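Enquirer: The lines below spell out each chain.
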Amino acid sequence: MSVEEVVSTGAMRAPDAAGRFGRFGGRYLPEALMPAVQAVEAAFREAWADAAFMTEYRRLLATYVGRPTPLTECARLSEALGVRVLLKREDLAHTGSHKINNVLGQALLAKRMGKRKLIAETGAGQHGVATATAAALLDLSCTVYMGQTDVRRQEMNVFRMDLLGAEVVPVTSANGIGTLKEATNAALRAWVNETEDAHYCVGSVMGPHPYPWMVREFQRVIGEEARAQCADRLSTAVPDVVVACIGGGSNAAGTFAGFVDTPARLVGVEAAGGSAVEKGKLGVLHGFMSHFLQDDDSQILEAESISAGLDYPGIGPEHVHLAETGRVQYTSVTDDQAVRALTLVTRTEGILPALESAHALAWVVDAAATGELAAGSTVLVTLSGRGDKDIQQIREHLR
Amino acid sequence: MTVLEHHLRTARADGRRLLIPYVMAGVVPDWLDLVRGAAEAGADAVEIGLPFSDPMLDGPTVQQAAALATRRGGRPRPLLDELAGLDLDVPLVVMTYANVALTLTPSHGVGGFLDHLAAVGVQGVIVPDLPLEESSEYLARAAEASVAAVLLAAPACGDDRCREIARASSGFVYCMSSMRTTGERNALATTARENARRLKGMTELPVVTGFGISTVEHAVEACVDADGVVVGSAFMRMLVDGAPVAEVVDAVAAFRRALSSVGG
Chain A
20 MSVEEVVSTG
30 AMRAPDAAGR
40 FGRFGGRYLP
50 EALMPAVQAV
60 EAAFREAWAD
70 AAFMTEYRRL
80 LATYVGRPTP
90 LTECARLSEA
100 LGVRVLLKRE
110 DLAHTGSHKI
120 NNVLGQALLA
130 KRMGKRKLIA
140 ETGAGQHGVA
150 TATAAALLDL
160 SCTVYMGQTD
170 VRRQEMNVFR
180 MDLLGAEVVP
190 VTSANGIGTL
200 KEATNAALRA
210 WVNETEDAHY
220 CVGSVMGPHP
230 YPWMVREFQR
240 VIGEEARAQC
250 ADRLSTAVPD
260 VVVACIGGGS
270 NAAGTFAGFV
280 DTPARLVGVE
290 AAGGSAVEKG
300 KLGVLHGFMS
310 HFLQDDDSQI
320 LEAESISAGL
330 DYPGIGPEHV
340 HLAETGRVQY
350 TSVTDDQAVR
360 ALTLVTRTEG
370 ILPALESAHA
380 LAWVVDAAAT
390 GELAAGSTVL
400 VTLSGRGDKD
410 IQQIREHLR
Chain B
980 MTVLEHHLRT
990 ARADGRRLLI
1000 PYVMAGVVPD
1010 WLDLVRGAAE
1020 AGADAVEIGL
1030 PFSDPMLDGP
1040 TVQQAAALAT
1050 RRGGRPRPLL
1060 DELAGLDLDV
1070 PLVVMTYANV
1080 ALTLTPSHGV
1090 GGFLDHLAAV
1100 GVQGVIVPDL
1110 PLEESSEYLA
1120 RAAEASVAAV
1130 LLAAPACGDD
1140 RCREIARASS
1150 GFVYCMSSMR
1160 TTGERNALAT
1170 TARENARRLK
1180 GMTELPVVTG
1190 FGISTVEHAV
1200 EACVDADGVV
1210 VGSAFMRMLV
1220 DGAPVAEVVD
1230 AVAAFRRALS
1240 SVGG
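In order, the protein sequences belong to chains A and B. To convert, note that position 374 of the first sequence is 393 in this note's numbering; the numbers rise steadily by one, no gaps. To convert, note that position 173 of the second sequence is 1152 in this note's numbering; the numbers rise steadily by one, no gaps.
Keep in mind that the hints were calculated from the coordinates and are not lab data. Take these hints with a grain of salt, some might be off.
Unchecked claim - Distance ranges between label pairs, derived from CB positions:
1. A1222/B to D314/A: 29 to 35 Å
2. E1123/B to R346/A: 34 to 40 Å
3. D1094/B to T74/A: 52 to 58 Å
4. A36/A to H1087/B: 25 to 31 Å
Unchecked claim - Now the stretches of chain B that chain A is said to cover, found in silico as 3 or more residues with beta-carbon under 8 Å:
5. 1113-1122
6. 1153-1161
Stated by the list, open to error - The list that follows gives simulated cross-link-like pairs (lysine to any residue, SDA-like), each with its CA atoms no further than 25 Å apart:
7. K300/A to R1142/B
8. K136/A to S1086/B
9. K300/A to A1046/B
Only a predicted model underlies this, so the values are computations on that prediction, with no experimental measurement involved. For every residue, glycine included, the Cβ atom is placed at its ideal position computed from N, Cα and C.
Next comes chain B alone, as it looks inside the complex (with noise of 0.2 Å):
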């Protein structure tokens, strides 16, 4: 078992909601706090994004906390680099897309980037554009590494197809709440408990639901299928517009606060 899945299964296994916050690397100069401070006020795990020049699956604000990172001069060897400091009670997931995990170290393939995650502490990554088909020497490589590579099921998958990316996924199975790119919305999406309960009746592993969880209202409506939330626009949005890196962390702190009298 992946040390992300261990540290997850054994939050559920105390009956926690899980509370996986994302922060994209770089966006502001203290980006390190933040990850500190979520992890602190109580986050299962952070996930964090590294900048790409052309994030097809992120919405406006995720858009705009990558270029606010990349302007800002932020590239992602660096600041992988930066999160070898950390010494974190909480697991680290590392988001980013296929050309920076097959390509940032060209001349060992997405092996070497998964390694490089590894020598970094990183426990788990994610790459929403590499599909399954796509997957094999990914899964391979995140397997040897140690890293676990946690899979998205999306509503519109067949349940063969879920059945197959829960099988195949580790730490965790993402969740995407909707058909739709990542963003702050006014509702959850009424897919979003549907193919949570659909993925809970096909894996051990937690489910946890992302894309559009915009409030702790939200959040809590998620977690009465999944196992937990993974919160990004919202937090990104606060920093995008000029909010310090605690009144962040306060927000993280108020997801956990409500998510925690759920679960108990």
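Pulled out of the complex, with its shape left as it was, chain A reads as follows (with noise of 0.2 Å):
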């Protein structure tokens, strides 16, 4: 093994030269794209390199966004569970979820790369939100692609995308069915037709390189914060667990950037319909190498999950990788299981996570009861939404 493969495949640093996390990731694009994605590298590349670019970017992020976000101590839940549960509250970062530190960044990227235009796919619609927002923010127009279903079941995010000044664009399939895939999927079309103006928004760990890095850079605030925040906070420095949910993955990412050179446990939990690590098998979708679900006639499926933000049947590409290594251990939840959890953490504590970050929740609200977590060990879970935009989901589920 060589030098360069030894980094590569370390502890969550940059992928190597083909964009690679171990076997997954690369750029499996059409020459139509290629010198789109040539230049997002180039200047990525440059612009994290350059001290104007970051002042500028970590500017937005304590004026705009309001970082750092609080860790957040649940004394009423940790009672319930057995175990000390400490919440990083992204939940109350600007738009309300994790989205925006990756879409500022990209944001700023491409004014720099002269860009007047923001493309993005999105599910749940957070990451179509943020996308909106920092369009507004930086004057520059959108367009979002949101699976039919999707703007049904998350009409009020497509609503505030339509009153800060987006276009969202409903995605059916020729198949019928719309959620993220089919987004992403018009979303990439939506580039080839016009790499020269827009920039693609990429929402998660996932797509083409630079994106999985790109992203899960941008993101890495997350970890990083929550690393010195623990560090403050607890006689150990560090906590015993980390756990963050995973549709492509960007929270969990991010998160685990911080905390992946620890000792502490790091854990991922996707919806049980929608599990790429357990259920998927090795393919190629939306740029990148990765596990997706799929049929014997290597036909991608429909993820399912209450949770529009999860339904992705496939995974960013370094969470595969870490999964193989072992460091990272990854599982799922069902809907269930989910809004249970929901439901308890609202009533202990007041907050009201998004149905993505249940499935955290759910995680260690299970874990806790079966004895898989230890009594008395420390959990770090990073809430990576607020359930505001759910409200009618969760209402209609507990019916």
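With the hints as a guide, bring both chains together as one complex.
Expert: Right, here's the structure in full:
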């Protein structure tokens, strides 16, 4: 193994020159998009090393997003579960989720590249709202592709994007279903048609190189802040377990990046109906190699979850690599488990988590009950977003 | 020289402009009649699409064709096997996406897929989301299987990259007419002829222009610079709208006649 490979497969460093984390990642794109992604990679490398860019990015994170987000000690929930639970409060970031961290980074990059427009895909609408927000702030136009099914179940977020001046394009596939997978297809096709003017603002640690790496770097702030906050707060400095939910896996990647070189056990929680690590097979979709839910005829399947943000049949390439190396444990919970955990956290802490984040909490609730989490252990959970957008869904589920 | 390249070069040497119609496998029950009919109507090769759930580079028409094929129960492996019974005078070129190429024979990877193509008598292959950087094994295995791996060159690619693509491509070079997904257009993109001209200066392989060749006029115009055209959505649109195969064969013949008047 060469030195470069050792570095690339090390603890959440940059991928290798081909954009791979171990076997996963890469750049599986039509030639029509190659010049555009090569330009994104060059611009990101340059910006990430440019003090002026970083100063501006950090200024926005502090004065616009409201970072650092707090670390909240959950006294009543901890008492109920018998483990000490701390929440990294990304729900308190501007626009209500961690998505804004990545979007502001990419929007600044788009400006730097002279682009006038942002294209985005969205599932739950959080990334769409964040992108529409950054576009408004930085005077860019914005088109958000959203599956028809999601447009229906997240109509408030659709209206929010509309208010922010973005155009929301509902997507139905020729096969008739419309969730995050179809929205991503549509966004990629739109990008093929307008690479000159538009930057594709990918919302998670997926897509062709450099996106999985770049988005993780823009989300790294979650893990780095939490690490410092834990060092301040905990006598052990590091929690025993760090947990995050995973659709594509951006909040988890950002969180884990802060703890990967510590002894903390890292746990990623997928939706049972979209569990690419457990049920997926090696494949290629949306420009990257990873594990995807697919049938024996190489057709990608739709994920199914109560949470639109976890409705993705694949997972970021670095996560599959982290699963293969054993550094991160990946697991899944059902819709029911997620809604029960959501109710518990809401009642004990007065915090309404997003359905996505409720999956991470559900694993903690379950693991505490079964003893998989030792009594008294300290658990950090990234609360990736707030649940206001999900009120209608939750209500229907509880009926 | 691959069978595909030899066949196309021979036709070109006769002063003929190349016509490569695209047919989505399984799009209608009698899709094989269309493949046969297109060959008889003067196609120089036939491009066969294999349905994939997420055709990233395809516009609405080919998406609909893929969905029709899938809804009819069409799956890549059995559809390929149906090609084995055809005995045509023109080469077949299969087009599909990387996920199908890499996973259809899970234990044998892309090599297994290419061997399967060879076994059913396919002479060429196009996988648009395998760019040069991801293609080394694919190209090597295609050469071993004697299946010509056709690469696409986009207008926005720099000259150096285009030269590399032209060098690595087999059979012909697929000249993308514009920076667009597939589909019908009102006019031929201005980039179509420029890109073909550039590629012609870089390679002895036939240069065939595709994407948005919607009318015989577009085809004739594109062939001022290119050696030929791929026509896909224009024919698939007819089938999606319910036209019988015979009508599409007539349309192929009309393209042939128009191109023959140019090529002499």
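Enquirer: With reference to the structure, classify each hint as holding or not holding.
Expert: Quick rundown of the hints versus the structure:
| no. | hint | result |
| --- | --- | --- |
| 1 | A1222/B to D314/A: 29 to 35 Å | holds, 31 Å |
| 2 | E1123/B to R346/A: 34 to 40 Å | holds, 37 Å |
| 3 | D1094/B to T74/A: 52 to 58 Å | holds, 56 Å |
| 4 | A36/A to H1087/B: 25 to 31 Å | holds, 27 Å |
| 5 | 1113-1122 | violated (count 1) |
| 6 | 1153-1161 | holds (count 4) |
| 7 | K300/A to R1142/B | violated, 35 Å |
| 8 | K136/A to S1086/B | violated, 43 Å |
| 9 | K300/A to A1046/B | holds, 22 Å |
The structure fails to meet hints 5, 7 and 8 from the earlier list, while all remaining hints are met.
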